[in-house]
Amino acid sequence: MPLIDRLLFSDAVPGLMKKSLNFMSTRQSMISSNISNIDTPGFKASDIDFQAQLRAAIGSKGSLNMRTTSEKHIGPSDSNIMDLAADPFEEDSAAKSNGNNVDIDNEMAKMAENQILYNATVQLMMKRGSTVRSAVTELPQQ
Amino acid sequence: MKDITVSSNLKALQGPGPSQGLGASKIAPDTKGPSFADTLAQSLDKVNTLQQNADVAIQDFVAGDTRNIHETMIAVGKADLAFRLTMQVRNKIVEAYQEVMRTQV
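Chains as they are written, first to last, in the numbering used here: chain A, 201 to 342; chain B, 951 to 1055.
By construction, these hints were calculated from the structure, which means they are not laboratory data.
All clues stand as given, with none of them false.
In the EDC-like style, the derived pairs of lysine to aspartate or glutamate whose C-alpha atoms are separated by at most 20 Å in a straight line are:
no.	chain 1	residue 1	chain 2	residue 2
1	A	Lys-219	B	Asp-1015
2	A	Lys-244	A	Glu-290
3	B	Lys-1028	A	Glu-338
4	A	Lys-218	A	Asp-283
Chain B residues, not near chain A, derived (Cβ > 12 Å throughout):
no.	residue
5	Asp-988
6	Leu-990
7	Lys-996
Restraint-style ranges between C-beta atoms, simulated for each label pair:
no.	chain 1	residue 1	chain 2	residue 2	range
8	B	Ser-993	A	Asp-283	36 to 42 Å
9	B	Asn-1041	A	Ser-229	45 to 51 Å
10	A	Val-332	B	Met-1051	26 to 32 Å
11	A	Leu-203	B	Val-1050	32 to 38 Å
12	B	Asn-1041	A	Ala-256	39 to 45 Å
13	A	Lys-218	B	Leu-994	25 to 31 Å
14	B	Asn-998	A	Gly-329	16 to 22 Å
15	A	Arg-206	B	Thr-1016	28 to 34 Å
16	A	Glu-291	B	Ile-1043	57 to 63 Å
Where is the CB? At the ideal position from N, CA and C, for every residue including glycine.
Model the full structure from these sequences, guided by the hints.
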């Protein structure tokens, strides 16, 4: 594994944050498509539960800290996190008379929550990156 | 900084007096408080622990196990602040060492 990758990019947590950001933006587009289809007859709202998927992926590995089982392995084996794909399911709220089951209040609430989580994750990522950057750029006085 | 040569050099720098460690308030000339080197080593361990706590807090947040975003932010902020403080302390120590080395004999 290249030296730069080993030094800077071999943490598992930034990959996890990036994956969750992907999921959140996917969820955002699903929610907006739900909202825009509020009058479509027969449309069923769909959603993804990425947090359960991430929880399962983290839990199955134990801690996400780098732990290698053989000396030839360097870096986290987080392929089971990176390979997670969105798994949309259909909401099972009651359908209106035209077969459409989009609940506008629920969708708006989900959208607000999703945006908050997204912003928070981005900020956490920046903060964590600034810690590493300060280690690189703080110079002792010569 | 568990390096033995660093610790022993620091102890040599302190000189023969008693060391003002974290708990050594009552001073008899040969009181054994925690030495400066031990305090430094403890502080580095604490910084490392804070970083690991921040990582765990981020994991919990992403997996949806925590409903308090502020706890995650506080944990990450603490780790960042402690790390920057340690960086500056390191800078000052290096500067002091260089100052001493520049002394004309």
